[in-house]
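A.B. asks: Residue numbers (numbering that gives the first Met the number 0), protein chains in the order written: chain A, 0 to 254; chain B, 0 to 329.
Each hint should be verified, as a subset may be incorrect.
[As the list claims (entries may be wrong)] Here's a subset of chain B near chain A, in silico, CB distances under 8 Å, partners left out:
1) Thr59
2) Leu62
3) Met63
4) Ala88
5) Arg95
6) Leu100
7) Asp104
8) Ala109
9) Asp129
10) Leu144
11) Gln254
These are computed hints drawn from the structure, not numbers from a lab. Here the structure is a predicted model, which means the values were calculated and not measured. Glycine residues also receive a C-beta, built at the ideal position from the N, C-alpha and C atoms.
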Amino acid sequence: MKDESLLDLLRRNLRATGALAYYIGVLPMLRVPTLLPFVFATPFTILFILFIAGQRTAFAYGLAGAMTMTATQQGLFLGADLTGLKIDHKFQSMVVASPVSPFTYMFSVALSELAFATPAVVVLTAIISYTTVGFGLLALLEMILVIVLTWVMTSSIGFFLSTYVLNTRTAFITVSFISIVLSILPPVFYPINTLPAFLRPVAELIPTTHSANLIRSVMGMPSGSSEMFVSWLALPAFTIAFLSLALLKAKWREP
Amino acid sequence: MKRENSLPSPIIEVRRLVKYYRKSDVPALDGLDLTMTKGRIFTLLGRNGAGKTTFLRIATTQLMPTSGYVSVLGMNVVGDASAIRKRIAIAPQEGRPLWTLNAKDHIVLALMMRGVSHSEALDKAKRVLDTLELIEVQNVRSEDLSGGMKQRVLIAMAIACDAELIFLDEPTIGLDPVSRRKVWDELIRLKTEEDRTIVLTTHYMDEAEALSDELAIIDRGRVLATGSPSDVREKHLDAKIRIDVTNGFTPEELQAYGKVVRAGNLLRILTDEAKAQEISSEALKRKAAISISPVSLDDVFVELVGSDIDRDLPANNTGKAVKGGSIYER
Chain A
0 MKDESLLDLL
10 RRNLRATGAL
20 AYYIGVLPML
30 RVPTLLPFVF
40 ATPFTILFIL
50 FIAGQRTAFA
60 YGLAGAMTMT
70 ATQQGLFLGA
80 DLTGLKIDHK
90 FQSMVVASPV
100 SPFTYMFSVA
110 LSELAFATPA
120 VVVLTAIISY
130 TTVGFGLLAL
140 LEMILVIVLT
150 WVMTSSIGFF
160 LSTYVLNTRT
170 AFITVSFISI
180 VLSILPPVFY
190 PINTLPAFLR
200 PVAELIPTTH
210 SANLIRSVMG
220 MPSGSSEMFV
230 SWLALPAFTI
240 AFLSLALLKA
250 KWREP
Chain B
0 MKRENSLPSP
10 IIEVRRLVKY
20 YRKSDVPALD
30 GLDLTMTKGR
40 IFTLLGRNGA
50 GKTTFLRIAT
60 TQLMPTSGYV
70 SVLGMNVVGD
80 ASAIRKRIAI
90 APQEGRPLWT
100 LNAKDHIVLA
110 LMMRGVSHSE
120 ALDKAKRVLD
130 TLELIEVQNV
140 RSEDLSGGMK
150 QRVLIAMAIA
160 CDAELIFLDE
170 PTIGLDPVSR
180 RKVWDELIRL
190 KTEEDRTIVL
200 TTHYMDEAEA
210 LSDELAIIDR
220 GRVLATGSPS
230 DVREKHLDAK
240 IRIDVTNGFT
250 PEELQAYGKV
260 VRAGNLLRIL
270 TDEAKAQEIS
280 SEALKRKAAI
290 SISPVSLDDV
300 FVELVGSDID
310 RDLPANNTGK
320 AVKGGSIYER
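Bound conformation, chain A alone:
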């Protein structure tokens, strides 16, 4: 068998990525658009409560939180969906016994999750740009970068989990729990300085604290006790750490 050139390798991986993302994410979304409200449900419910119960500031925190939560959730859902593909459909068996690498598979299915999140992200971006004075292109690009880093980080967690979890039910329970830990408990929908002082260092150890912090700064809101440069260092560092964990320690082949 002749060796594959770099160009062929690139072409093959691009086709694999496109096909997996399209057939697992985009096409189901187009065929069953009624699935979309589930993506909106939790972040928009919290946003609605903050809109009704809080002042304008609370709603602004809600917007940053909803955006962070949407990116976080979609990354984590990857874990549950991959577990379903592995256990219920045996699709991962076909993928492992094919030229598709673990990274290509993870990235492709994560892209498919992002496709589901896109309508929610677009709606939230539209509200943020409408309600934020001076929200320009640079702010938009910064926010997209934060969303992408958060999505890569939580997708890595999801992928890592999916290779260890042995049934779909456990996967959904685990993902729901991690979603609460990452996007409801920490200062994602509220400022970090409202936490008791002894809990703030703990909150700083949660990656999504920094995601929300950065989105709030893009929206021109006070960043709380955490300095912006710390969050700009912490979020990529967490992302690299979890991505490395997924690529190096995930069980692509069972022991």
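Chain A is already provided as a structure; the job is to place chain B on it using the hints.
C.D. replies: Okay, now just chain B, sitting in the frame of chain A:
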């Protein structure tokens, strides 16, 4: 196209393969030795839990062996997994298509995943859909397909690609007899026209007889018999003739003609040609209904694996499970 006059070369070699799953003291594979030849259909026969799927998962680089050596396409499954994966495909056992995708989508996805262009994937998908009689339902979502059609979609995903070595784990389970034969025809075509090697597992003895160039009967992770279907029959069964008796004889009377096996409502005798003549004459006199045929793989399987089934039974379980005597239940 298949090369003429080429010497058969091993495509899979397995030596002393052992696999223990975590938390289990019982080996799933216990010193398995096998050789499979390029361009042939090799069947693994065995009961549930015999180790067939475990072997397939190791050979397709999904599962690490505990010890032993497995070479696939001349490469070690432990160290050369990436290179092996480019040249194999599998239809796993009990797979399920994705509910929002139709039959055509699945095949196009399976092909594009391997780097095939969209237009080429559509062409290939059409041919495979046609071959497996899925063309009329190509645009129907898999959630609306019958169980047999879903199974054919999974087979189609594996055979549509250009993999030299195709693994099919119980591919025809749940298929009706006509669909099974369609699948058989396609597998034989892949072997003869495209020189592909196919490794499949099955519980169906007729499938193993019809398809296999070589087969292995495995039980408790060990090979009990291997060779061509006729080799296995001749080597592992002294009897040449099988006689199914519907009525007119008691089991005790039949023991005089050979080994008696209870097969549902029938009494089955495994015997030689001379005894078959005798019982035929006696049956004519008694106007008893009997049918005579050559022994099949089914008989070999029961002979080899059935003895283990009997060992599993508690003593005096049925009163008829007297293996070592001459009557036992199937």
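A.B. asks: Taking the hints in turn, state whether each one holds.
C.D. replies: Now the hints, each set against the structure:
no.	hint	result
1	Thr59	4 Å, holds
2	Leu62	5 Å, holds
3	Met63	5 Å, holds
4	Ala88	6 Å, holds
5	Arg95	5 Å, holds
6	Leu100	6 Å, holds
7	Asp104	6 Å, holds
8	Ala109	7 Å, holds
9	Asp129	21 Å, violated
10	Leu144	14 Å, violated
11	Gln254	47 Å, violated
Going down the numbered hints, you'll see the structure goes against 9, 10 and 11, while the others check out.
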